[in-house]
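Visitor: Chain by chain, the residues:
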Amino acid sequence: MRAVDGDWSVAHIRISASSVVLVFASVIAAVVLKNVFVAAHRPIGWAVAAALLAALLLPAVNWLDRYLPRFLALLMTLLAFGLVFVGAWVGVRLNIGDELDRLKHDAPEAAGKLEAEHSWLADFELSRRVDDLIAEFDSSTSSSSSTAEVQRAAGAASSYFVSGIMTLFFMIFGPRIIGGGLAQLPASRRRRWEKLVAGAVADARAYASVMAAQAVVVGGVVGLVAFALELPAPLLLGLIAGVGSILPTIGVVIGAIPTLLFAAAFASSRGALLALVVVLALQAIEVAVVHPVVRRRSGDVGPALTVIVSLIAFELYGLGGAVYAFLALVLVMSLLRRLGIDEVAENDT
Amino acid sequence: MTTPTAERRASGGESRGEPRQMLLVVDVRTSISVVITLLAAFALFAVARAASAMITLVAIGVVLALALDGVVRHLTDRFEMPRPVAVVCVAIGLFVVATAVMLLLGPPAIDQARDLGSRLPETVREFYDLPLVGGWIEDADLATRVEGWIADLPSAVSTDTITSSAESLFGGAVAVLVVVATTFSVLLDGERLVAIARRALPARHRNQADRVGRVFYQVVGRYFGGSLTVAAMMGIYVLTIALVFGVPLAPLAAIWAMFTDLIPQIGGLLGGAFLAILALAAGPGTAIIVVVLFVLYMNLENHVIQPAVVGNAVNLSPPTTMLAALIGGAAAGVPGALVATPLVGAVKQLYVERRHPGTVAERTTHSLRDRLKHLLRRGK
Chain A
11 MRAVDGDWSV
21 AHIRISASSV
31 VLVFASVIAA
41 VVLKNVFVAA
51 HRPIGWAVAA
61 ALLAALLLPA
71 VNWLDRYLPR
81 FLALLMTLLA
91 FGLVFVGAWV
101 GVRLNIGDEL
111 DRLKHDAPEA
121 AGKLEAEHSW
131 LADFELSRRV
141 DDLIAEFDSS
151 TSSSSSTAEV
161 QRAAGAASSY
171 FVSGIMTLFF
181 MIFGPRIIGG
191 GLAQLPASRR
201 RRWEKLVAGA
211 VADARAYASV
221 MAAQAVVVGG
231 VVGLVAFALE
241 LPAPLLLGLI
251 AGVGSILPTI
261 GVVIGAIPTL
271 LFAAAFASSR
281 GALLALVVVL
291 ALQAIEVAVV
301 HPVVRRRSGD
311 VGPALTVIVS
321 LIAFELYGLG
331 GAVYAFLALV
341 LVMSLLRRLG
351 IDEVAENDT
Chain B
848 MTTPTAERRA
858 SGGESRGEPR
868 QMLLVVDVRT
878 SISVVITLLA
888 AFALFAVARA
898 ASAMITLVAI
908 GVVLALALDG
918 VVRHLTDRFE
928 MPRPVAVVCV
938 AIGLFVVATA
948 VMLLLGPPAI
958 DQARDLGSRL
968 PETVREFYDL
978 PLVGGWIEDA
988 DLATRVEGWI
998 ADLPSAVSTD
1008 TITSSAESLF
1018 GGAVAVLVVV
1028 ATTFSVLLDG
1038 ERLVAIARRA
1048 LPARHRNQAD
1058 RVGRVFYQVV
1068 GRYFGGSLTV
1078 AAMMGIYVLT
1088 IALVFGVPLA
1098 PLAAIWAMFT
1108 DLIPQIGGLL
1118 GGAFLAILAL
1128 AAGPGTAIIV
1138 VVLFVLYMNL
1148 ENHVIQPAVV
1158 GNAVNLSPPT
1168 TMLAALIGGA
1178 AAGVPGALVA
1188 TPLVGAVKQL
1198 YVERRHPGTV
1208 AERTTHSLRD
1218 RLKHLLRRGK
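Those protein sequence lines, which keep their order, are chains A and B. Here the first sequence stands for residues 11 to 359, numbered as in the working numbering. Here the second sequence stands for residues 848 to 1227, numbered as in the working numbering.
Among the hints, a few may not be true.
[Unchecked claim] Here are a few chain A residues that face chain B, going by a calculated C-beta distance under 10 Å:
| # | residue |
| --- | --- |
| 1 | I23 |
| 2 | R24 |
| 3 | V30 |
| 4 | L104 |
| 5 | D108 |
| 6 | F237 |
| 7 | L239 |
| 8 | I264 |
| 9 | V317 |
| 10 | L321 |
| 11 | L339 |
Treat the hints as calculated values from the structure; they're not laboratory data. Cβ atoms here follow ideal geometry from the backbone N, Cα and C, with glycine treated the same way.
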């Protein structure tokens, strides 16, 4: 080829054989890895969840280690966490079951009363339809479908068992794995990154612990109020309020919306007002007292990222996914906050 | 794929005009970067596909936050209140408005729905007197058929229909809660997140990022804020004329007109068509009056209200707006149709500013009085 006139010049570019091979290998490796991740996204998810849980529970293990052999401390911590989790799950299931039984008993009577008051509901055959709905619900939970229920429960139990074993392994080997990873860094950067990671993990742990304690308090108070007002499923309402309270600044109110709606529908106006006052007071305490303390100690995750990340994780992996995604977000934000403090001067020069 | 190293091989006796020869060598670190980048892209794509419904709701929440940010800023600037307090005030205000709308419109809507069943056959009988089509309607005995259809309606509703309707209602309530939570979270936290993202960028890119962010904020925020205001005005107008002229299901017609008013170009037609069909149930004369009043208001909105409130936030020609809405709707449904126009407008403004820096005029709005004066002057 000849050079042309003007600003353009011609260059012959030859790509080395090794580069061609490397390019193709990279693309193939990316596709293969992607297929592996897609096929194994559940065990990978379990591993991530187990690592986060291990990081959260390790201080409790270290504290128990002072009084017990390490292995016992590990087992007892994991067992205690498992008991709390199973207790909450069983409690909620029983609560929902009781409320459903109550509904099945009261609904036909209420339908009959409504038909007597409104002729258009009698034309609509409300009582018959309610009876049909209850019969359909009962048949869906009958022995023929309980096999599927047992299979689902067995699958869930095996997932939790494997996750529990992984959590134990991460609690035992986790610090060594992290230490080994940091050891790959050049000595000049290792010390700084060790401080960063340790600080970020401590910040995240403190943040998550305070949020968990707050969730328990808020859930307990709202659940008690729901119980006092004789609202349906008070344990579930308390759980929803507790989980919602994890959201900074507005979470207590958002989580208590079902309670407030139920109070407006089923309780007296005084009872509904009491529920509203209690929820607003809890939110005010969170904004004025808890959040500033947490922010000073561990930084601020903020409501926007918490909402967005938790919602997308909930859509992908359910409630467990949302909780673990929140923990991962707290860890990442803690790390970024520590990096931001150290590196903002570098970026600005 | 660029290479960190390249060897230039000069051919023997290279003279001016002879092509250079270069050997590209890709190193291992580059290929690892490529693998990681591809994996990250796959992961993002998979998450977007698996959680598309939730991402859509979150996006709606973010857009609403952009639209409401103007109100929050006005409160913080005018009354010097902290931002969280201003957000709470906006939240309380919206809650009060929503509750008032539900309490005022809910019971009449239910009553009108019940009355519709008894009024509809009589209204259909009135159509027997219409020219041209009246005879055909009478021959088909449409009034009796409508009576029979209304009588059979309760038995046509099955248990499955009730269950799926209840599920839809519950899903809708959850969606509203998600949008509300996202909107107010972003309003509270948006500025801080933008500052964090800005700090994460290298210093040499920050000015450009600021420019891009400012354009998107101004175009999208102003467009949606103004559009929501104009849509609310349309809803109030439709509700008023529907109630005055006894159009059945007036609250439903108002809500439909309000939502369709957000869709560019064709929204007015959709809103007006539904109103006209409902107005027919009140009589053909009423339908004609209501349609005329609706068309008059549409023109007022297009030439006076919209330019005054939304202004030239988007600055696109009508065919471009329509095409953007159609493509956005085909790609992502109603949310896609709604965001396509401001997105295209923002991209256009960025392009113009990049090609001709400093030539884009400040976005202005004209007051309602100026727009009216301009219209009347033009008419003379």
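Visitor: When the structure is checked against the list of hints, which entries are broken? Sort them ascending.
Guide: The structure breaks hints 4, 5, 6, 7, 11; every other hint is satisfied.
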